[in-house]
Amino acid sequence: MGRITLDKVTKSFGEVNVIPPLDLTINDGEFVVFVGPSGCGKSTLLRLIAGLEDVTSGQIRIDGEDATDMPPAKRGLAMVFQSYALYPHMSVRKNIAFPMKMAGVPQDEQNRRIEAAAKSLNLSDYLDRRPGQLSGGQRQRVAIGRAIVREPSAFLFDEPLSNLDAALRVNMRLEISELHNALKTTMIYVTHDQVEAMTMADKIVVLRAGNIEQVGSPLDLYHRPQNEFVAGFIGSPKMNLIRGAEAAKHGVATIGIRPEHLAASTEGGLWQGTVGVAEHLGSDTFLHVHDHGLGDEPMTVRVDGEMPVRHGDRIFLTPDESKLHRFDKQGLRV
Amino acid sequence: MGRITLDKVTKSFGEVNVIPPLDLTINDGEFVVFVGPSGCGKSTLLRLIAGLEDVTSGQIRIDGEDATDMPPAKRGLAMVFQSYALYPHMSVRKNIAFPMKMAGVPQDEQNRRIEAAAKSLNLSDYLDRRPGQLSGGQRQRVAIGRAIVREPSAFLFDEPLSNLDAALRVNMRLEISELHNALKTTMIYVTHDQVEAMTMADKIVVLRAGNIEQVGSPLDLYHRPQNEFVAGFIGSPKMNLIRGAEAAKHGVATIGIRPEHLAASTEGGLWQGTVGVAEHLGSDTFLHVHDHGLGDEPMTVRVDGEMPVRHGDRIFLTPDESKLHRFDKQGLRV
Amino acid sequence: MLLITTVGGTLLALLMDQPFWGQGIVRILVIAPFFVMPTVSALVWKNMFMNPVNGLFAHLAKFFGLQPYDFLAQAPLGSIIFIVSWQWLPFATLILLTALQSLDQEQLEAAEMDGAGPLSRFFYIMLPHLARAITVVILIQTIFLLSVFAEILVTTNGGPGVASTNLTYLIYMQSLLQFDVGGGSAGGVVAIILANIVAIFLMRMIGKNLEA
Amino acid sequence: MLLITTVGGTLLALLMDQPFWGQGIVRILVIAPFFVMPTVSALVWKNMFMNPVNGLFAHLAKFFGLQPYDFLAQAPLGSIIFIVSWQWLPFATLILLTALQSLDQEQLEAAEMDGAGPLSRFFYIMLPHLARAITVVILIQTIFLLSVFAEILVTTNGGPGVASTNLTYLIYMQSLLQFDVGGGSAGGVVAIILANIVAIFLMRMIGKNLEA
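Chains as they are written, first to last, in numbering that gives the first Met the number 0: chain A, 0 to 333; chain B, 0 to 333; chain C, 0 to 211; chain D, 0 to 211.
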């Protein structure tokens with residue numbers, strides 16, 4: 000079981016109010032991602048749930064039980080830290096065994112769980128090494144192993160992939176997703192990378208300055224962003240936001256159109272501009288279009304496959320009207 | 000001018016041969032990216048060109064002139080380092096002025112160039128700050144500014160974006176591309192990230208263990224990888240490589256198909272398997288398909304837009320025969 | 000004598016570490032004695048605190064109705080150990096404090112999540128982390144304690160008898176007070192060799208530290 | 000005297016740094032004198048090298064046909080400065096070496112690309128980087144040199160006259176040899192205050208270092 004409820008939780012550091020009153024329910028077995036720019040309070044929120052920080056007011060309930068004043072160890076949660084936080088003077092085996100040793104699990108049971116975790120994480124060959132002798136990806140796995148053996152009611156991940164390189168990050172992302180499919184345990188995952196959030200989450204919580212901007216499934220957020228901030232934050236490349244006269248035509252303050260919902264043509268279309276940087280990825284082409292008369296920012300267009308245009312070429316863009324997002328003066332969705 | 004020619008260049012550190020004899024020509028005005036996994040010798044190659052390492056044998060020519068034994072400062076090249084390598088005790092202005100001061104450029108000319116560089120890089124407001132007071136992206140710009148004012152015949156970039164976070168990396172990538180469009184100067188760029196290589200390069204040099212695996216434009220490498228290594232390295236997500244009976248049907252040792260050239264269907268198709276992790280990005284869906292009987296690795300499929308499948312669903316895959324890559328036993332393209 | 004001082008000093012410093020985390024002013028006060036010159040400190044202790052007639056301790060003792068105790072005469076070794084410890088404690092504290100602060104906070108938090116109480120955290124996480132720093136402190140102190148000279152000269156002059164004589168003072172007496180230059184020089188060479196054996200261990204430690 | 004010693008030591012150490020980069024054994028040899036006890040070193044110098052009859056320097060001088068020179072009698076201050084410098088040089092070297100090694104190699108390479116020669120690199124890149132370390136060395140040495148005691152006692156006994164007397168030795172003489180406990184104590188207090196003023200600067204430096 001791993002149902003976590005936050006009820007009017009606030010957190011202040013001295014005078015600074017990091018988290019204003021915040022309500023959130025995380026259901027058993029869900030993979031929830033907290034995402035937001037740096038300094039948005041997402042890590043603080045995770046640490047409140049873990050018990051590493053005390054809430055200023057409000058209540059945290061785990062499986063219906065009030066856990067607000069429980070020490071971290073009693074909450075039945077396991078955390079994977081950004082720095083992995085392995086114990087450098089212990090072997091991998093002892094690192095993984097440490098939480099069980101503290102909990103007084105019998106030796107036989109400890110060995111059984113270590114073997115099982117090591118097998119599922121491909122760590123069996125490294126059990127007697129020190130963390131210092133392992134690569135970044137292996138350390139990450141040890142940290143996950145140390146969390147698994149506790150058989151927690153929920154896993155907490157604090158930007159676990161930020162110290163890995165691009166290729167390894169994609170692999171570990173898949174491994175964690177597969178782990179969730181296999182264990183079906185509640186997982187709470189903090190990241191600043193919206194791609195990680197979109198690919199891994201059942202439910203995304205978008206945070207800005209301690210406030211929840213939107214809660215929903217990845218596709219909810221992609222199709223119906225509640226405000227301009229979420230619209231600009233979710234999706235890669237970023238949504239094009241257009242203000243002024245063009246938006247007024249639609250009767251709103253701002254309209255947004257995603258790069259993949261713009262049709263590009265060299266013959267004709269609704270808007271025109273000149274090609275700036277053209278990024279040819281083979282599978283797609285991203286065009287950055289300047290001088291379109293719709294604002295100062297270049298517009299980004301995604302074209303499937305290839306498009307034989309070069310720097311300085313004239314290009315026409317036509318938005319898919321059905322995929323247009325409309326926002327009012329306060330930046331809220333209309 | 001910035002035409003650089005490497006003629007049978009080798010480099011050994013003691014007994015270890017890092018770069019076997021290597022020939023390469025970089026034309027004036029080209030944006031060349033050296034890409035490869037870590038330890039492939041790409042940084043060493045850049046440092047050989049810069050003159051920070053001495054070649055063991057062979058010749059480096061810059062604009063036809065033998066530069067093999069020239070000191071770094073005389074080669075007319077400017078380098079942007081991974082750590083930015085700014086001088087921490089100098090203001091931004093002095094940092095940018097340093098190479099001109101060393102070259103004895105008159106004070107008026109120095110100021111003119113600093114103002115011009117600061118303006119084009121949005122640094123005008125920060126000229127009197129110390130590097131320690133700047134953000135990562137700003138430091139990166141100062142490092143580029145210090146390179147620009149020298150008006151070099153070629154820029155050398157050594158993984159300049161690896162210390163920035165994902166969003167900033169995309170921005171700086173565009174800025175460097177725009178800089179190249181504006182200056183038309185030769186640029187040599189080292190990275191381990193194939194996306195950077197694909198989006199920025201005129202010409203990509205793929206390196207493995209000091210050997211050049213392939214040289215070509217991004218689309219050359221995407222459409223006609225010369226061997227399995229390049230096929231697997233270029234493109235995101237990775238190409239699916241299939242060996243054994245299925246490949247034998249095509250009369251080769253290995254066949255490769257990119258995730259975007261596989262059609263997925265829930266009704267029927269050539270191959271079938273079960274969905275493992277499904278990554279819903281909104282604009283695309285990436286499916287990782289297991290139990291397809293074609294090998295141990297899961298197959299990756301890219302579906303445009305959304306596809307309503309879940310973990311454990313049955314799915315059918317059909318490759319686009321015209322986009323199939325064929326490789327022989329030695330891993331070379333057939 | 001050396002062992003008692005160093006081990007005692009190390010343990011005391013470890014205990015003292017806990018409350019001082021990040022409190023700048025307290026830290027300066029703690030570290031101040033380290034910068035007081037050995038001769039001065041010995042004199043101050045001798046005359047101001049331990050003097051059986053006018054010393055502060057004597058006054059204290061009288062205040063509680065006890066017999067004033069001539070520390071340096073009755074327990075010369077103990078007194079010297081006390082003075083030297085007082086001087087070297089800040090040094091150990093400083094080094095161990097720096098080491099403690101270099102401990103990754105996330106490791107402690109991970110251990111807390113793993114169910115380790117304060118005592119377990121100290122023994123399983125902090126002590127292994129400090130192991131190297133403790134060794135360095137012990138080695139450095141050993142070298143310097145070999146040469147505690149000023150204190151002995153000023154306070155007890157090596158006496159009574161040779162109860163508080165150490166190697167350096169022995170050399171001094173041999174060669175200058177008894178004009179036995181040969182014996183003194185021999186002692187000097189022995190001392191240099193001894194110090195260098197310890198120094199080699201120390202250099203290895205520091206070398207490892209620089210690499211890590 | 001203090002200034003000459005520290006500045007001289009610092010400059011010498013800086014020059015010595017260059018060739019020793021990364022050469023472990025040479026480094027240990029250079030650092031060894033630091034671990035030799037002050038008394039011992041002073042004795043060794045006095046008897047083995049500078050003695051006008053049997054000293055090594057005397058033999059050397061005779062070998063070259065020169066008049067043996069009684070260093071300690073003729074130039075007491077110079078001799079003491081020399082001995083103390085010899086002792087403290089390794090300390091400065093060690094600290095500055097560590098500071099130099101913490102200098103980012105890419106900065107030097109960037110300067111090289113920017114057209115700075117070895118001399119420009121030293122003045123524009125290395126010296127500013129070392130500025131803080133040099134200050135720390137000067138401060139620490141100042142504190143310790145205030146208390147150079149053993150050397151003076153053993154070699155010149157403060158004489159001839161008071162030519163080589165410093166503050167600590169003055170206190171020693173005042174309070175013990177002349178039994179003027181009051182004057183000695185006063186001197187002691189002055190010394191403690193002096194040391195602590197320097198120490199406060201030092202602590203600020205170290206504090207900044209820890210933050211950076």
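What the hints contain is simulated information worked out from the structure, not anything from laboratory work.
Hints should not be assumed to be uniformly reliable.
Claimed, not checked - For lysine-lysine, the following BS3-like pairs were computed, each having C-alpha atoms within a straight-line distance of at most 27 angstroms: (1) A:Lys-118 / A:Lys-93; (2) A:Lys-93 / A:Lys-202; (3) A:Lys-118 / B:Lys-237; (4) A:Lys-183 / A:Lys-73; (5) B:Lys-322 / B:Lys-237; (6) B:Lys-237 / A:Lys-237; (7) A:Lys-237 / B:Lys-118; (8) A:Lys-328 / A:Lys-248; (9) B:Lys-237 / B:Lys-328.
Right, here's what the structure says about each hint:
In summary, the hint linking Lys-118 of chain A to Lys-93 of chain A is supported, as the alpha carbons are separated by about 16 angstroms, within the 27 angstroms threshold. For the hint linking Lys-93 of chain A to Lys-202 of chain A, the alpha-carbon distance of about 35 angstroms lies beyond 27 angstroms, and the restraint is violated. Simply put, Lys-118 of chain A and Lys-237 of chain B have alpha-carbon atoms about 26 angstroms apart, close enough for the 27 angstroms limit, and the pair holds. With a C-alpha separation of about 21 angstroms, the suggested pair Lys-183 of chain A and Lys-73 of chain A falls inside the 27 angstroms cut-off, and the hint holds.
For a cut-off of 27 angstroms, the pair hint linking Lys-322 of chain B to Lys-237 of chain B stands: about 14 angstroms separates their Cα positions. Only pairs whose Cα atoms come within 27 angstroms are accepted, and Lys-237 of chain B paired with Lys-237 of chain A is accepted, the gap being roughly 23 angstroms. Proposed proximity of Lys-237 of chain A and Lys-118 of chain B is supported: the alpha carbons are some 26 angstroms apart, at most 27 angstroms. At most 27 angstroms may separate the alpha-carbon atoms for a hinted pair to count; Lys-328 of chain A and Lys-248 of chain A meet this at roughly 15 angstroms.
Distance check on the hinted pair: Lys-237 of chain B and Lys-328 of chain B sit about 20 angstroms apart at the alpha-carbon level, within 27 angstroms; holds.
Violated hints amount to a single one, hint 2; each of the other numbered hints is respected by the structure.
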